[in-house]
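**Q** Here is what each chain is made of, one letter per residue.
2 protein chains.
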Amino acid sequence: MSATIEYWFDFVSPYAYIAAQSIEALAAKYGRSVEWKPVLLGAVFKNTGSMPLTMRPPVMSDYFKHDFQRSARFAKLPFVLPDPFPINTQNTARVCLWMQQVAPQRVGEFVRSVTRAYFSAPAAINDAAWLSAHVQAMGLDGAAAAAACDDPIFKDQLKQACEQAVAQGVFGAPWIVIDGEAFWGNDRLPQVEAWLANGGF
Amino acid sequence: MSATIEYWFDFVSPYAYIAAQSIEALAAKYGRSVEWKPVLLGAVFKNTGSMPLTMRPPVMSDYFKHDFQRSARFAKLPFVLPDPFPINTQNTARVCLWMQQVAPQRVGEFVRSVTRAYFSAPAAINDAAWLSAHVQAMGLDGAAAAAACDDPIFKDQLKQACEQAVAQGVFGAPWIVIDGEAFWGNDRLPQVEAWLANGGF
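Same order as they appear, the protein sequences are chains W and Y. Counting along the first sequence from 1, when you hit position 140 you're at 433 in this note's numbering, and nothing is skipped either side. Counting along the second sequence from 1, when you hit position 86 you're at 379 in this note's numbering, and nothing is skipped either side.
One thing to keep in mind: the hints can contain errors.
For chains that are exact copies, the list does not tell them apart, and a pair is met inside one copy or across any two.
Computed list of lysine-lysine pairs in DSSO-like fashion (alpha-carbon distance at most 27 Å, straight line) [unchecked claim]:
| hint | residue 1 | residue 2 |
| --- | --- | --- |
| 1 | Lys-322 | Lys-369 |
| 2 | Lys-358 | Lys-339 |
| 3 | Lys-358 | Lys-322 |
| 4 | Lys-452 | Lys-339 |
| 5 | Lys-358 | Lys-452 |
| 6 | Lys-358 | Lys-369 |
| 7 | Lys-339 | Lys-448 |
What the hints contain is simulated information worked out from the structure, not anything from laboratory work. Since the structure is predicted, the reported quantities are computational estimates derived from the model, not experimental observations.
The following block holds chain W by itself, in its conformation from the complex (with noise of 0.2 Å):
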């Protein structure tokens, strides 16, 4: 048994937005941590021929969009769409693996502060700027962030993430494992719990 659970995503995701703010402390209820992977959706829902939820017929991005509304009212958290959505999230993602090296205690605060900030109103979240101005107000290096989004070792970890997720069956958001048990989407989150509580089911 492994003390970390994965938790693959992509920052434009909302419902990857709605369970990361609960993730990490449910896993530590049950003594883990949590292992952040961010990816970006597009290279893996290249894969499976995937459209993103929002660019499906009407009347199924109309569903999504009302449901994405009230998941997250069920959550108790706010959520306004973004417009433009969904964006690209690549400068996001590398900032996100920069901070695993620079400080990975404070990885869960960025990724749902960066997320709510991003459904509760305008935030250019991929912007090099943005994330600079972000995580100087989390009391971390700004200059040092905005550097990452241009960083062959940032860019490349990303490459890699996107790589590992398709190689190892990740289709969709948010994408739990525990202990080789994958888990999709929010929805999963009280078998997650079930998993994590009795070591299966």
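Let chain W serve as the given structure and place chain Y on it in line with the hints.
**A** What follows is chain Y alone, placed relative to chain W:
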């Protein structure tokens, strides 16, 4: 506020099987009854270009087959993926519509027992002979049930139900509607219960 909630489903849907086992008790807890709405997902899927979960790319279909099992286990229900799967269920649906006329108070029991039979062991739930025997075992008129499979009245009712499903935006199963609010999926039952308990949230 209506005294009923709509439960749109196909007898072939694993997640609709799981939710069907508890939806009537859940509704009753909040003073509601269930309006069972059998449809054919094949007809519904055409509207959005959707594919059965088990016919998607292997990485997805493998996940779903595993999740069917796990979600059933989580609900303390048996689950064996039928072979072949999926199948057409037009006769099963027509007998369900017939039962709504002759024994409306038994429809929930019919849905629960037929889906449970289908997902527990080999059971030809779309065969008139199987349906006849199953209905007979319920103490109802098995021969009349078999006749309903070819009765233009129930053929037409099912066709209209599929058209109505598409017209009101149903694109998957189970699809639960409470006072106009639509919830898709067995995994939305916690939200369904909160909605029933509070008249929305």
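**Q** None of the hints should be skipped; say for each whether it holds.
**A** Taking the hints in turn, this is what the structure says about them:
Proximity of Lys-322 to Lys-369 under the C-alpha cut-off of 27 Å is found in both arrangements, the shortest distances being 20 Å within a copy and 24 Å between copies. For a Cα distance limit of 27 Å, the shortest separation of Lys-358 from Lys-339 qualifies both inside one copy, at 22 Å, and across copies, at 21 Å. In this assembly of identical chains, the alpha carbons of Lys-358 and Lys-322 never lie at most 27 Å apart, being 31 Å within a copy and 29 Å across copies at closest. For the identical chains of this complex, Lys-452 and Lys-339 are intra-copy neighbours only, at 14 Å inside a copy versus 36 Å across copies, given an alpha-carbon limit of 27 Å.
Taking CA atoms no more than 27 Å apart as the test, Lys-358 paired with Lys-452 passes in neither setting, with 29 Å inside one copy and 29 Å between copies. Only within a single protomer do Lys-358 and Lys-369 lie at most 27 Å apart by alpha-carbon distance; the minimum there is 17 Å, versus 32 Å between protomers. Taking the closest pair of Cα atoms, Lys-339 and Lys-448 come within 27 Å of each other only inside a single copy of the chain (19 Å); across copies the shortest separation is 41 Å, beyond that limit.
The structure fails hints 3 and 5 (numbered hints given earlier, in ascending order).
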